[in-house]
Each structure stands twice: as C-alpha cells, then as structure tokens.
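Protein chains in written order, with numbering that gives the first Met the number 0: chain A, 0 to 120; chain B, 0 to 499; chain C, 0 to 138; chain D, 0 to 755.
What the hints contain is simulated information worked out from the structure, not anything from laboratory work. Treat the hints with care, as some may be off.
[What the hints assert, rightly or not] List time: in silico DSS-like cross-link candidates among lysine-lysine, alpha-carbon distance up to 27 Å: (1) B:K422 <-> D:K531; (2) D:K36 <-> D:K476; (3) B:K422 <-> B:K356; (4) B:K151 <-> B:K356; (5) B:K355 <-> D:K531; (6) D:K36 <-> D:K183; (7) B:K356 <-> D:K531; (8) D:K178 <-> D:K36; (9) B:K356 <-> B:K445.
[Unchecked claim] Residues from chain D that face chain A, not an exhaustive set, calculated with beta carbons under 7 Å: (10) E571; (11) L574; (12) T599; (13) G674; (14) V684.
Where is the CB? At the ideal position from N, CA and C, for every residue including glycine.
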Amino acid sequence: MEALLAVAIGVLVAASVYLMLARNVLRFIFGLVLISNAANLTIFVAGRLTVGAPPLIAKGTEAPADGVANALPQALVLTAIVIGFGLFAFALVLMFRAYTTLGTLYSDEMRIAEPPEDAIG
Amino acid sequence: MSWFLAAPLAIPFISAVIVFLFRQSPAGRWISFVGNLLLLGAASLLMSRVLLDGVVVAQMGSWAAPFGITLVADYLGGVMVLITAITATAVSMYAIADIDSRKEYLGYHALFNVLIGGVTGAFMTGDLFNLYVWFEVMLISSFGLLILGGQKAQIDGGIKYITLNLVSTILFLTGIGLLYGMAGTLNLADLARTVPTLQNQGLVTIISVIFMIAFGVKAALFPLFFWLPASYHTPAFSVSAIFAGLLTKVGVYALIRLFTLVFSSDLAFTHTILLWVAAFTMITGVLGAAAQNDFRKILSFHIISQIGYMIMGLALMTPLAIAGAVFYLVHHIIVKANLFLVSGVSQVITGSTELKKIGGLYKSAPLLAILFLIPAFSLAGFPPLSGFWAKYILIAAAIEIDGWIIATVALVVGLLTIFSMTKIWAEAFWKPHPDGIAPALHRIDKKDRINYLTPIGFLALLTLLIGLFPESYVSFAEAAAEQLLNPSVYIESVLKKPHE
Amino acid sequence: MNSVILIAGTRYLAGLLLIFSIYMLLRGHNEPGGGFIGGLIGSTGFVLFAIACGTADARRALRIAPQTLAMAGLGIALLAGLISVIFGDPFFTGQWLFLGASDSEKGLPISTVLAFDIGVYLVVFGSVLTLVFAMEEEI
Amino acid sequence: MTVMKSRNDAFGLLPVGLALLLFVWFLTFLPEVSDGKAIRYAMDWIPSLGITLSFLIDGLSLTFALLITGIGSLVFLYSNSYLSGHEHFVRFMLFLFSFMLSMLGVVLADNLIALFVFWELTTITSYLLIGFGHENETGRRSALQALLVTGAGALAMLAGFILLGMTFGSFELSEILLKSEELKVHSLYSVILILILAGTFTKSAQFPFHFWLPNAMAAPTPVSSFLHSATMVKAGIYLMARLHPAFSGTNLWLWTLTIFGVVTAVIASILALRQTDLKQALAYTTLMALGTLTLFLGQESGYAVTAFATFLIVHSLYKAALFLVVGCIDHAAGTRDANILGGLGRVMPFTAVAAGLAAMSMAGFPPFLGFIGKELKYAGALGVASEPIFVSGAVLIANSLMFAVAGVVAFRPFWMSERSNLPREPHEVSAPMLAGPIILAILGTFFGIYPDILQRALVAPTVASLLGNIEDSKDLKLWAGVNVPLLLSVMTVFLGLLFYWQHRRLRNILIVVIGRAPSFDRGWDRILDGLKGFAAWQTQILQSGSLYHYMFVTFATMLLSLSVAIFLKPMEITLPDHWVISWQGIALILLIIGGTLITTVTASRITAMASLGVVGIGVAMIFIGFSAPDVAITQLLVETLVVVLVAVALLRLPTLESEVGNRRPIDAVLAFGVGLTVTVILLSVLSQPLDLRLTEFFEITSWPEAYGRNIVNVILVDFRALDTFGEIAVVVVAALSSYALLRTTHPVSSDQGEQR
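Isolated chain A (complex conformation) (with noise of 0.2 Å):
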C-alpha cells in the first residue's frame, strides 16, 4: 500500500503545482488544498502504516498492544492539518479580498506592487 500511496501523492503534488501554475488564483487556493494533503499523507506514509490497530491504550493495561501504529506521525499530521487548515483560511480571505479590491482573480492582471512601467524605469 505505500508504494500506491507514494504514487497518489505523486499525483496530488503533480496535479496542486499544475493547479498554482494556473493564472486565476482560485485555482491556486485549490493547488493548496491538495498540496497540504499531499504533505499530510507523506508524512503519514513516512511512518509506516498499520491497519485496525490504532494507538489507544486499553483500560487496564500500562501499555497498548504490540503493533499499534505509529502514533508520532499521527500527531504531526494532526498539527500539520490544522496549521494547513489556519494558512488556507487565511489564502482564501485573501484572494477574495484581492477580488473585491483588484478587481480580478488573475494574477498576471495584478500590477500594483510592482507597476511595468518600474520594471524599464
């Protein structure tokens, strides 16, 4: 399963960097989506994965049984998922800011910051 699991991602990281190539920034928002996820399940992956077991202590025993899975990486995901969720909120305000003021979704229309005219001056 790994191996498939490496090549999902692949697709995932493949389709979020076509998806930030793209001029309409929406579609960025969406590379990133996918692009946390893919993240996520690298590291998820990383740790090796273990089916049914999950890293629960039963009551009355000091320690889980053997072969639970591997409880660190499902941590870091977890952290991970919520920064991701944090940074994609605030992408998504953004762009949406970046309509209502710009005027536009699309990058190469968003001049501003640095006007062509600075670039021959």
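For chain A, the structure is supplied; the task is to place chains B, C and D on it using the hints.
This is chains B, C and D only, laid out in the frame that chain A set:
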C-alpha cells in the same frame, strides 16, 4: 534553568494576549513596548547564561531529548534571540508613532508580538518539527501584518508573498516527513547523530536539497527571492523594518543550523551549490537595487544581496567564514531594520518614498541625514562601521582558501552596494526637494518625533559601537563558529540525561 | 432561511453540538477526541446557527467577541504551560492533581494538561467563528 | 544672521587651533626622526583578526603629517573667511577636520587594515566635501564619481592587503617591510602588487583613472587645495612610497610605475594647457605632479628618491598656495575664467605677490625651492634604470608645460591685459585668506635659499624611509655646477616661454584635437548607463511582477535541483517483497486520484469544490483505514469547514474559466516532474526500515507517566505540547489576520455586533 529559555518565548505571547485585550485603548502600544523591554531583559539573561555555559538546554515538559521538545541556545541561538529582542524593542517604540489606531484595533500589536514569539521560538528550538511550527507562527503573523491597512499594493504584494511562502512551507513540511521516515527522529541533535549513520546517504543529500530550497525561499536566495521585493515596500514602515531585519534571517539561521549540524557530510555537493547560489544572490540582489527608484524598494533588494554574503560564509564552511556569517547576520539585522525605520521618517516628512518625488533632507533634516548615513555606510561596507568588518571577515575567509571567484564577486558587489546606497543619499538627501519644500523633522509633532528617532538613534549607536569596538563581537563570532563546526558540544548538551 | 422550525431546530442542534464538543474535549486524553476535535465540533454548531439565523444573532448568543475568546484560549494554554515553572519544572511539564485518589483508583484527574487542552478548544472554537462570522458578514 | 556669523567665527577658529597644535606636536618629533629613527605606538584593536591600531612615525610619515597639519591649519584659517556665513559652515569644517584626521591616520598607520580604514575614511569625507555643492547635479555626479573610482580601487587594494597579511602572517607594515626579499620571489607577488596599485593609482588619479580629479574641483576651493592637491590624492603616492622598500626593484614595479607615471605626467600637462578655468588648469598640473612622483617611485636610485621627496614637498607648498590664490581671485572677481581675468595686480597686490612667488617655484626659477626640485627631477630622470632619454624627455615636456601654466594661472590674471567685464568689482581679500598663500609661498622661497634645512629635517629622513639609508639622500643645492640638469633647466625655460607665448593658439589646437579623442569622462557615463541598463534589464527579467513567472521559476528550481541531486546521488529503492494490498485501499486511492484530476481540469466551481471534498474525504478514509481515528476526525471536520468557507467565498467570486495559453503544456510537464520526484524520493525513504524508538518511548510512558490512554492526544498536549501551542497560535493569528483583512479598510462604525 529552563526559565532562561522559556522566558524569551513566553513573554511575547503573554504580551500578545494582553495587548489584544487592550486593542481599543492607547495603552496597548505601551504594553507592547514594555513587553518587548521585558523580552530584551530575558534575552540578555539568556545570553549571559549562554556566555557562561556555552550551551543552555531545557527539555520542555521534562521529557528527555530526543523524546520531548528541546529548547536550546548555543552562541548563535543566544545572540539571535538577543538581537531579535533588540530589534523588536526598537520597532515597538517606533510603532507607537507609526501605527494608527485602526491598525491597532485590528490587532497590530498582538500580531507583532506573536511574530516575535515565533522568531525567538525558531531560534531556540532544537526540534525540526517544532521549527516548522515556529516558521508557521511567523509566517501567518507576517501575513496579517503585511496586509494590515488593506491598500491595493499591499493586497497585491501580499498575494505574491503568501503564495510563494506557502509553497516553501509545504516543501519544508514534506522534507520533515521524509527525514523522519528515514531517521526516525526529529530532535536536531539526535538527527545530527543519526543521519551520518544512515545507509542511504545519497538520499540524505537529496532530502537536504529539499530543505535547501524550502529555507532558500524563506531566506530569499537566488532564484527564489521574488516574494520579497514584491511585497516589502507595501506595508507599514514598522512592519517593513521588522520583516527586513528578522524574517529572512530566520531562513538563513535555519540553513546555517541544518547545514552545519545535520547535513554536513556531503559538503562537496551541498556547499558547492550554496556557494554558487550565494554568488548569484549577491549579484542579482544588488543589481536589482541599482535598478530601483524607490527608497524602500532599493532597501528591499539590498536585503537579498546581503543574504548572499551570509550564505557565502556558510558555503565556505571554514571557521573564519562561519564567524563572518554570524557577524554579518547580527550586523545586517540592526542596520537593515534601521534603514527601513529611517525610510519611514523620510516618508512622513517628504511625503513619499519615490526618489523622484523627494529630496532636501540633508539640508533641512541633518539629524536624519546622520542617522541615515551611519547604517547606510555600514551596509555599503565602509570602515570603520559594522558592515566593513562583516565583509572583511568574509572576504578574508574566501581569500584564505583561494576562493578567488567568490572573493571577487563579494568585492564587486560591495562596490555596487555603494553605488546603489549613494543613489538614495544623492536623491533623497542631497537633491533639493522637487516641490521646493524643506522637509524638516519639526514637521512631526514632538511626541512622535521622540518615538520615531529614539529607536533609530539607538540602532545607529549599536552599529557604531560594533564598528568601532568590534573585538568582543568578532571573538564571540569566532567562538560561535567554533561551536557550529564542532557540534559535539551541542549534541551532548542536548542529549545528556537530565540527572547526569 | 426564515423558517421558524429551522431556527428553533438549529438552536437545539447548536446546543447539542456544544455539549457533545465538551464531551469530546474531556474524553480526549484517553480516547479519540481532544481540544481540536472538540473545538471544531463546537464551532460547527455555531456556524450552523449563524447560517440559519444570521451572524448578528450568533454573535449575540456568543456574548463575547470570538477573537477575544480565541486569544483567551491562547492565554489559558500558555498559563497551563507556565504553571509548571512555579513548581520548578520546565515549561509545559504536566502538573497533576488526583481528587479522591486511593490505592486502586487514580481518582478524578485535574491537570494543567487538561487546562491546556481547554485552551486549545477555545482557540479553535473562537478562531473558526471569527473567520466564519467575518466572512459571512462580508457577503 | 550676525549672531550666526559670530558663532561661526568662534567655532571656525577651533579647527585652526587644533590643527596648529597637531602641527607643533609633530614638529617635536623632528629631532629624533631627522636622526633616522622611527617611533612606533601600538594598541590592540581587534586581536582576533590581527588588527592593531599601530602608528609609525618615520621620515616619510612625518613629512606627510607635517604637510597635512601645516597646510591644514592654513586651509582652515582660509575657510573661515572663504565660507564665512555659509549656512553649512559648521558641517563643512567638521568634514574637513575629519578628513584631516583620517589623512593623518593613513600616513601614520602601521597596520595595513587600520591604514585601509583611514583610507576609506578619507574617501567618505572627500565624498561629502566634493558634494558640498549638493544642490546642483554636477556636484552630486562628481562626488559619486570620485567615490566610485577610488572606492573600486580601494576594494582591490583591500584584497591585496588581505593577501599580503595572510602571506606574511602579519598586517604590520614594519614587519612586512622586513621580509622584502621573501616577498619579491613569492608566487603571489605580482597579484598583490597589482591589487594594491589599483588602489593607489585610482586614489592618486593616475591615467586612465585620472578623470575624477578635475571633476572633483566642484568642491569649494579650500577643499581642492587641501584634498585634491596637497594631501588626499597623495595618499596613493604615500602608500607606494611606504611599500617601496618591500616591492621595488622588480621589473614589474619599475615598468608599471614608470609607464603610468610618464603617461600621466605628459597627458596631464598637455590637458592643463587646454583649460581656461584656472582651477581646472591647476587640477591638471596636480595630475602631472602625481604622475611625476609615481615615475620617481618606480626607481631605486638615490637621485630619483631624493627628487621624489623634494618634489613632494615643493609641490604641496606651491600647489596649495596657488589653489588658495585662485580661490581668492574667484572670491574677489567672481570668475576663474582665464580669458576674462586680467589686471588684478593693482587691486590685489598681496595676492599677486603670493601668486608670483608660488608660480616662480612652480615654474622652477632660482632661487625658489621649485628650481631645486626641478634640478633633482632631471638628475633623477637621467639616472632612471629604464630608458633615461625617454623619461628625461617626458619630464622636460611636462616641466615646460608646467612653466607655461604657471604663467597662465598666476602671472597673466594679475599683470597682463586689462580687466574687463568681471562679474564683480575685485578687491583685496581679507588677511585670513591671504595668510595661507603668503606663508606657503614664503616657505617655498625660504627653503629655496636654505635648502639644507629642509634636507636635514625632512628630505633625508624620507629618503631613508624608502631606501633604508640616510646616506643615500642626495644634497639639495641651488647651484650644483654646470651639468646636464642645468642645461635641461635652461631648455625648460625656453620651451616654457615658447609655450606661454603661444598658449592661446596651442589651446585652440588642443581643443580641436582633444575634442576628437575619446573622453574618459564620457566613457564613465557610458559605463554607468550600461550598468544601470543591465541592472534594469536583469531585474525586469527576474522580478517581472508576474506571479506565474515566480511560481514557475520556483517549481522549476525545485525540479531541476532535485533531479540533479537524484541523478548525481543515486539512491536505493527496494520495493517490499510482499505487498499488503486491500481492495478498499485501491478504491480509496483511485477515488483520491480521480477527485484530484477532476479538480485540476474542471472549469466549474461547484465541480471543483465537490471534487476537492471527495479528495479530502478520501484522505480521511485512508487515515481511518490505517488506524488514525483522531487524524481522520480532524480531517473530516476541517474538510467540512473548508467547504463551508469556499462556498461562502464563491458567492461573491466570479465563475472559473478554463485556463488557456500556450504555456499550459510546459506547466503540465513541470508539474508531472515535480510529482514524480516526490514519489521517487518517498519510495526510496520507504525502502529502509524505520527506527521507532521515539514512538516506543511514547507507548511505554503514555499511561504510567502522562496519565493518558490516547497516545496521539498525549503527544499533542504533553510530549509535544510546545508544538501544539505554536499551532494554536497559528490558528488564532490566522483568524485575526483574516478578520483584519476583511475589515481593514472599513470604518470602525461598520463593525456590527461585536460592540454589542
């Protein structure tokens, strides 16, 4: 013991929470300033502890390394925290005059203090994933600060800043996942011990390239620096100053940390890349500055070329070179933050940052002229200011190991730096104001004037002091380099059992 | 969106989700759940409420500005971490108090770790609402 | 204004007094130094880098120090009147005084790096002084030009210094000079020499770096007098003289200095005759003098070095005097144009006398010191190690032209032709302004009559500094008998008179000829324009302002560097022997891939949103399937919020359109490459076993020590609580930032709700 490390991290967050509750009152700005003064005190204590002990370590939650998260300050980490506190204090005073109440209401001071917390966290953490977390803290608060004010240019610049930084940050996260998948640990000292023993060394090098790119974007290296000149001229001046001083330097710090501690086994590959990158970063940055006609844009491009010098130090990887990089880091933070602060005052009294539209400062605002000249000439590398020693050490380090090309590049870029800095001087200071007005400092009301000029003067004084009496700092930088190049002390301090 | 039934329904649903979220928060240390999940569930309730009745009502029901709540959460989490320093332990060392502990039973655990998780809960709760309310009001 | 003025006057006397004090203090060293002794002071500055603040006073440095402080005090006195009442008078004096101190540092420093520090300080102060007339474009341009030309040389010189210091393990000149023999055979000798000469030649305005000096005349006249004739430009000369014992004696040294010196001297003296502005004419004769000094420094003979030492002093005296005189003329008559000026002798008698005495010295008439200098120059030229005829000829031409220029500058305006149409009615200048020229001119005469005083006091010790032996110094005599130098002197006078007589015609010819020759000044502009153009071009390409471009370069860098690394650093990929494959797993992966592809290609917002949701849920299912319930729940909840937020935002955003453009295929290739790289690296990572000791620790301690049965949650709130703390900080700040972004331009009143 752990107080020494916990305090510089906790204080900014405590300030952030408190100032947020006071966001509708003018008291907020003073609380922020006092908070930063406290941070300065805590950072000084930490620094003195570091000077006594060499490496100061605290295991968060009492969980021994490598299991919990370790906070650690060695010479480099300690001085970075201190300089962060110094810059933050200066900028928070400046902000009292610079930031309007609308921005305060929207949380300027809270964002600022969280940013500082993120920066000190990044400098002190001894854990790779934790470093990622602090990077994110910095990143998200910098987003907020960058767009505060909501002008079109800010939104536009913000989009470039944010998209490119998000790419870098996700790459960083991916790199962490992959490295964990190989080495099974996240603690930097533990990684330093484990990584060289891994079987698949080729892969280690490849993963190190991932980190190089991720931090390369943060540090604004060639050819990944686009976000910086696209955005740094847009926000409030306090924000520009703190960004210019600290943010890219966290990237440089991370590069130095990882590429001396963890990824130091394939120098022929990684550090050769870094050397070329350093050369191109210096050149393209300074040429960019030469092409600009705006006070802040020139300064922004200069950040890039100066970063090149620091990376040059890392790439050469000799004791003298690393010492040069450490010296450069501190010098540059002080000087660059200060120049942005000066650009703010200049904007207030001349009405613009565009060089074509301003002038006359030399004649009618001589104090500001002096306060500009000190950091500007320091940046340009004129002796006996701090920038000269920084460049001197690096060039000497390059010549020492026959690095002729990089030494030549560093020298030529030094000349171009002079060229582009004098452009600001000639246009904003010497040239008469095109509208014939005399931009004098007393156009600002007295209270604000004090808040504007005190931090500038303070930072300029620091520049002068480092320049005139560099010995203590040079020997410190050499000690820091020694520590970085022989990380065993660092590793042992972090990994030793608490009861030992 | 003016359906009386819907409004009444979401009020109850929101309340229910809030209670459930606190349950998830409290059980988190031993079973799936915790501050994040609790906070997310709790905020979902209010999001529904805001969609159904409008943000003005939702803000009134909440009483405190959500961003203040979030900041307070951050403060609580920080304090939970700092308390340990009073006891001479490093930052973020868990401090535990077991009420009614006996040899066989550990008793009811009160800990800084729980306080920390409550902080997390408040942060997530407050932040999500800050975001959603502001966004809703913008439309 | 009057208050201001009197304050200036009081202030203005301070530097005069200080400089005078310094001068007297340096005089006290004369007895010891005249005996050939050297005095050294040292204190630590940056011991870690081997940099000390060490000073050496010997014949050479004392000569310079006395010239600097002596002429300095006269120039300060002069400036008091010249710039009296100027609004930036205080700044001016401050800069000029700082300059004097820096210059003293240059000539006294024994440590190379300390010397460099002072050297650059002279550059900075001279930048500020040349730009004193900063309100006009020319002043600013000239200042920048001087700064960049000398700055460029200085940087090369710094590299030379570093090499020199590293080669010999010390930056102390006094130590390096002892290792002269070792240096001359060292493989880096020529590199070091060329680097250092780059610094000295630019500072001392040797051809082809000469062009900045005449432009620097934009500075006020006292500055020109002090910096651009008597002191700063001689810093380069000083350094060559200082290094003479270590470097001289090789062909490289000999020929480089001789050729540059001769070319500079001849070209400068020709250009000098061309000028109609008195100050410019003097500037070019300064160049000529600098060339001559360089030329003599190339040699090792006693005559040549004595000629150097003597001419150094002679030139400083008369040139400073003449510059000050020109300043007086300018001050009094309002112009420096040689074509208009005339007949000033009657109204400005004292100035005229000073000018006359200085000019006689410059022209080389006996019994002035200039005559002795000139005799020695001829003696030195005839004794050069290389091509004496050629060198003597050059010196002859230069001297005769200088004779002519002396006439043009100091004789003609006073005594020839009537005054006509002067901008101002001329009058004699005040005593403080006269003091300088008169004292300097009288000194030139005095030393001409009593040359042995000068010889014993300064010339011989200077020669000793260069040649190591005080006996190598040749005597300074007014009458040395009938010899070849005397004949050449006579020829000089004849040629000089000829040139003076014909100078207008010559000037017209020169204007035509030089007009056709390439101008270095214009070349400078072209270089600068080229640089600016190149900078703009490369910046436009790199920092184009297009987000697409930035993204593309970033990803391309990623792909390129990772592919190179993968190509050069082969990594192992071993796929597992037995594949654990479940049908559910494959279905989920297909779901994720399908959702991803739809999101990528769709042009519908709703479809994109839905397929994003599908991907998110698919990922959550993977988490469930592989034993991560907490992560899965979080992922699902977050996914819900993502959809809610996107949905809310989309209400206001326009519909998507298909991306068109001919770069999309390239983008697709890049995207595919990046994706493939990630997969390959991940597969390689998975090829080795993972060390699980961290997790094992958490498993063992989670319940006994951290009292929690959900290990993931225990990690989050206890083992790695600091991560979580940072994380919630991110969440809070994300919310605050978004809130700020949405509200940032709204007036306060529109914040409904939160004020209740």
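Cross-check of the supplied hints:
Between K422 of chain B and K531 of chain D, the direct Cα distance comes to roughly 12 Å. Compliance with the 27 Å bound is thereby established for this hinted pair. Restraint check: the Cα-Cα separation between K36 of chain D and K476 of chain D comes to about 25 Å, which is no more than 27 Å; the hinted pair holds. The suggested pairing of K422 of chain B with K356 of chain B holds, with an alpha-carbon distance near 14 Å, which does not exceed 27 Å. Under the criterion of a C-alpha separation no larger than 27 Å, the hint pairing K151 of chain B with K356 of chain B is consistent with the structure, at around 21 Å.
With a C-alpha separation of about 16 Å, the suggested pair K355 of chain B and K531 of chain D falls inside the 27 Å cut-off, and the hint holds. Proximity of K36 of chain D to K183 of chain D is assessed by CA-CA distance (about 26 Å); at most 27 Å being required, the pair is judged to hold. Among the hinted pairs, K356 of chain B with K531 of chain D is consistent with the structure: their alpha-carbon atoms are about 20 Å apart, no more than 27 Å. Simply put, K178 of chain D and K36 of chain D have alpha-carbon atoms about 19 Å apart, close enough for the 27 Å limit, and the pair holds.
Between K356 of chain B and K445 of chain B the CA atoms are separated by roughly 25 Å; this keeps the pair inside 27 Å, and the hint holds. Annotation: E571 of chain D was flagged as interfacial toward chain A, and the flag is violated, the nearest CB pair being 14 Å apart, outside 7 Å. The beta carbon of L574 of chain D is positioned within 7 Å of a beta carbon in chain A (closest approach about 6 Å), and the interface hint is therefore held. Against a cut-off of 7 Å between C-beta atoms, the interface hint on T599 of chain D holds, since the closest Cβ of chain A lies about 5 Å away.
Contact between G674 of chain D and chain A, as hinted, is supported at the beta carbon level, the nearest pair being about 3 Å apart and thus within 7 Å. Because the closest C-beta pair between V684 of chain D and chain A is about 6 Å apart, less than 7 Å, the hint holds.
Checked against the numbered hints above, the structure breaks only hint 10 and satisfies the rest.
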